[in-house]
Structure formats: C-alpha cells, structure tokens
Amino acid sequence: MSRNRRPLLITRRSLLSGAASTAAFAVASPFPTPALAQNAPFKIGLMLPYTGTYAKLGQFIDDGFRLYVEQKGGKLGGREIAFVQIDDESKPEAATDNMNRLVGREKVDAVIGTVHSGVAMAMVKLARDTNTLLIIPNAGANDATGAACAPNIFRTSFSNWQATYPMGKVMADAGIKNVATITWKYTAGKEMIDAFAENFTGHGGKVVADLTVPFPEVEFQALLTQIATLKPDAVFSFFAGGGAVKFVKDYAAAGLNKSIPLYGAGFLTDGTLPAQGEAAEGIKTTLHYADDLDHPANVAFLKAFKAKTSNEGDIYGVQGYDSAALLDIGLTAVGGDATARDRMIAAMAAAKIDSPRGPLSFNKAHNPIQDIYLREVRNGRNARLSVAQAAVDDPARGCKLS
Amino acid sequence: MSLMTFGIQLLNAFQYAMVLFLVASGLTLVFGILGYINLAHGAFYMLGAYLAYWIVAKTGSFALAMIGGTVIAFVLGVVLERTLVQRLYGRDHLMQVLLSFGLILVLDDARQILFGKDVHAVAPPAWLNGTIQLTDNLSYSVYRLAISAFCLVVAAVMFWVIARTRIGMMVRAGAENREMTRALGIGFDRLNRYVFAAGIALAALGGIVIAPISTVFPGMGDGMLILSFVVVVLGGIGSVGGAALGALLVGITDTFGKVFFPSISSILVYLLMAAVLVWRPSGLLGRGEI
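Line by line, the protein sequences are chains A and B.
In terms of our numbering, the first sequence is residues 252 to 653.
In terms of our numbering, the second sequence is residues 26 to 315.
Calculated directly from the structure, the hints in this document are not laboratory data.
It is possible that some hints are incorrect.
Stated by the list, open to error - When the alpha-carbon atoms are kept at most 35 Å apart in a straight line, the in silico DSBU-like pairs for lysine-lysine are as follows:
1. Lys142(B) x Lys441(A)
2. Lys554(A) x Lys83(B)
3. Lys83(B) x Lys323(A)
The model shown is predicted, which means the values in this text are computed figures rather than measured ones.
Take these sequences, add in the hints, and give me the full structure.
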C-alpha cells in the first residue's frame, strides 16, 4: 500500500503543476497571433460511432472525410489538418462528456459528428454554448437545423423531413389512396413518417394506420399480421441497419410484398442490400443518393473511395467527404486563418459544392438544399428512377437565423 | 379482430415465446443452479448468430452450423468456467456482474475483429425455405414453424433430463441445497462446469436457430438479454418450467400489446413483470428466497 501511495502523489503533483503552467501560459498570451495560429495544424475532432450498431456508418464517414483531406495533400484551405478521434458509441448519455473532452481538453477547432440523432442534439447544445464549429455528417433530427439552429452549426447530410417529404407526392401521383405507415417509436421515425404524411395527405392520400414498434425492437410479426388485415394500397416505412434488414425480410416472408407494395425512406435499403437479398427487390425509396448516379463527381468519388478503403462508397462516405469539402471552402476563404470566424462561416453558408450526390448548397439554417431521388431496388442496387423532387429545402421550422 | 386474425396473432405470440424460452432457459439454469448472474448471456446469443453466419458461409450447411456453433459455445463455456467464473461462485453478485459485463465487452470486440461491423443474413436450410399461405395475402414461413417445433423438442429434452436422469437429479439437488449436495459427495464442481457450459450453449443455439429469421447484427444480444431476464424473473429464478411460462406470458403480452395498446406496448412487458412480482415476489414458479 505505502509503496503505491508515493507515485500516486507525484503523479497528482506533476499533473497540478502541469495544469498550472498551462494556465500561466494561457494567461500570459491571451491573444495568439494569427501567424502562430496558422502554423499550428487546424485540429478537427471526429466524434463518430466506431463501435456498436452504427459502427460501419461511422467508419464510412471517417473514411470519406479523410479521403477528401488526403486528396488535398493533408491540408484544407492550405492549413495542415490534425485529427482527434472519439468513439461516441451512439450513447446519448455520454455525448456531453465526449463533446466536452473535444472542446475543453483537446481544444479542437471544429467538430465533425455524428450519426445518432440523440447524440447529435447533445453536441448541438454544447456547440451552441461554446460557439464551437460543428458539422453534422449524418444525424437527421429536424431540430438541429430547426429550433436549435445556430451560425456555427452546419449539416451535410439531410433533415428527416427532407428525406421523406417528396415521397408523399410520388405515392399520391402513383394513384395510391390508402397507406399504412410503420416505424420505430422514436424521434427520427416520427419525423420521417410525419413529413411523408404531410405531403401525402396534402395530395389527397389517407394514412389508415400509423403503426409503431418500440425502438430498437425487431419483432414485427404482430404488426405484419395487422397490415395483412388492414389491406392498405401500400405501406410506407422507416427502419435502418439491422432492423431494416429484418423488417424487409419479414415483410417478404409474410408474402405481403406480393399484394401490398413496400415504400420507405432510403435508409430502409441503404447499406443493407447484401443482407436483404431478394426480399428487397422492387422496394421504392427516396434519398439524396443512389448507387448508380453517373455524374463525374460520383464516378470519381466511388473510384477513389474504393482505392483507399477497398469498400464500395455509399451515402455515408459521401456525407463525410462533403463535410471536409465544406470545411475546405470555409478555410480557403480566410486563407487558413480560423480566427476570422464570421467570414469563414459566411463562405461556408454560401458554398456551392459539386457533391457526388449532385449539386449541394445550404439554406439559412445551414441544412443542405439538394435533390431527392426516387430509387428502386434492382438486382441488389438502389437504382435511380427519377428525381422525386429537385432542390428540396427543409422549412427549418423554429429557426430564427436569416 | 376476426377469429382467423386472432389465431394468427396467437401463433405469432407462441412462436415468439418459444424463441424467448430457448434463450432464457440457459440463463435460468445458470442463475438458479450456480447462483451466477450471467450478463454476457446476450453476447453469447449474438456469438451464436455470428457463428451460424460464418459456418453457413463457409460450408453452406445449416445443420453443421447448429452442431458446430453449439459445440464451440459449449467448449468456450467450459474454458470460461474453469478459468474465470469458477472463482466467483458464492462471491458478491457485484463481482459476477463485473466479470460478465467485462465478457460482454470482450465478446463484442472479438466479434468486431473476427466478423466485422456489418449486418448479415443467414439462409435457412433449403427444405424449410418455403411458406404456407394463411389468408389471401398473408403467408407464414415454414422455418418459423420449424423453430417453434425445435424449441418444443429442446424444452422436452430439458425437462426429461432434469426430471428423469441422474444428472438432472444432481442439478436439482444442487439448486435445492448446494452445501448438502457437496457434502453427499457429488462431484459438484464438474457438474457446475457442465451446467454453465450448457447455459452458454443454449444461448448460442438460440442465436443460431434465430439467425435466419432475425438478422445477424452487432448489438442483437442486448435486447434479448433484457427480455431473457424478464422471462427468468417472471417464471421464477432457476425454474425451467417457470421460464417456459414466463416466455409464453411475455410473448402474448408483447404481441397483443402491439395490436391493442400500441402507445404503451414498450412498457407492457415490464408492467406485467412488476405486477407479477408484487403478487409473487419470487416469480410464478419460484421457490422462496433467491
């Protein structure tokens, strides 16, 4: 015991003195000169799920981001880039601590994250409180670019509203009158179903049943039986990951796909097709990406992504890639001097990116304005059928930015 | 709700219950007889599913996956019991919780290293790959029915072993009074080892047979672990019959809860558990103190 105590004391003392000298240094030079700031690398905190259910998504976002930085020779806007990586494990309860670590201890210049909406909203809150530059590369919670919007918060992915709103008109135009919706009972599910229903009922359709399963449960039999007895013209659904695979397979195994066509948010069939196999054939979804987009930016992206990671690039890779592109535009506008924050943000807000997904710009709440594609699963790929709605702009309800 | 629909929902409930029973029975065995709280039970369930995916992908044989996966899990159980778990019998439950929680992390990382982070599907054996038409637009997969039948067989074998064989007698004796059993000269340590390994094997077997109708994904064990605990606590800790009864109750509550009370369906199962525990603190078929 006594042997243990001494080193512990020393550690604590040296820690304290270290902290004190750091504090002294900070006091001595409260205004770092721009020259000094530009010599130090621009520090980016990647707060993504590297383990857990969304691990693959986090990895692809990370890969996409790093791919862009590599293509620019390890620099954005002429400034060296350094990374700090944190695994958020998709755990909202740990989100504030993790974000604090990046902002407080690591003193990062910008944070990129994350996939899970609950975690992202905690990050948004802290980014607002500390005025940290935050780019959200996936999480779709409407509020992040709605009521909680802020000048220093950007999103390169989508809002939940945006991903499914166009499908309402598509299905109404296809002559579908009665639809049953099914999703997990949580925020993302509700926002996606509501946006679809808003547009669908606006075009004369009727939602006959609004079915939900507790998140993240994957036992669907009872509700599939209910759908069979309701006999709607079609089903609109949102699930993702393992839940999406199981739902699509269960739907087909119950034989429902033969009489009641299944529609959904793009996540229903994205990154899940190899596991879903034949059961997914013919499912129509909307998303801001499709597997066979053939414009040059996408062809080049897919080739480079494959060369770097030996994986097929997907929407998550694209979102990571575009996050880096957006940051590049901001840093380029200020010559790498991140202390000129206002000019940097203005440049990012005005960005026009030739994204692998298609043209990408941003609205007043810093949510993407982008085309939403109608896709159909054909031979194990999400094939583009048409543009469901061009330049879809989220209404940013509750956002006071102008 | 028509009679036909009601019947189908009842079938859904029963089918779900059988799966729950298969997984929970291993948990209740280990908990009841060894007094060991195995939080890693769900992780072994996940491991079984990944083993099924791996073996089917390598060999194309689901039968081989069932046998191979179960054997691998059993051996793993024996090794774990011998090296780690054994030290914690009779110790504070918190230590056991710590160990099994550590095992969850280790198994999760092992899964990530061996099989990656992806979602996978497992094809059921070809001869069970059909469907039966139930109504004009609803069919039922033969494999789902086969699972129910298989779980019934497993349950019957378990009851037979526990009620009718010498090993079962020792297991029951151990559950009843550990010290007295040991005093009578029964090789309790070895018995413990096999009971623990059998519990792990049952969890893995659950994962294997469910893999074709579920999907194989990271974190699939978490939800199953919680439901298994509900089943075990409902039925009475250590009672295999109780686990069967608990599983049926959970299956019925969950299925009809989703249909009739969708807004509170997520808490119905736990309400049921709370209500039963108020009425019978040691579970439906539990015996006195824990």
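Checked hints:
1. Lys142(B) x Lys441(A): The given pair, whose Cα atoms are some 27 Å apart, holds under the 35 Å limit.
2. Lys554(A) x Lys83(B): holds (30 Å)
3. Lys83(B) x Lys323(A): Answer violated: Lys83(B) to Lys323(A) is near 42 Å, above 35 Å.
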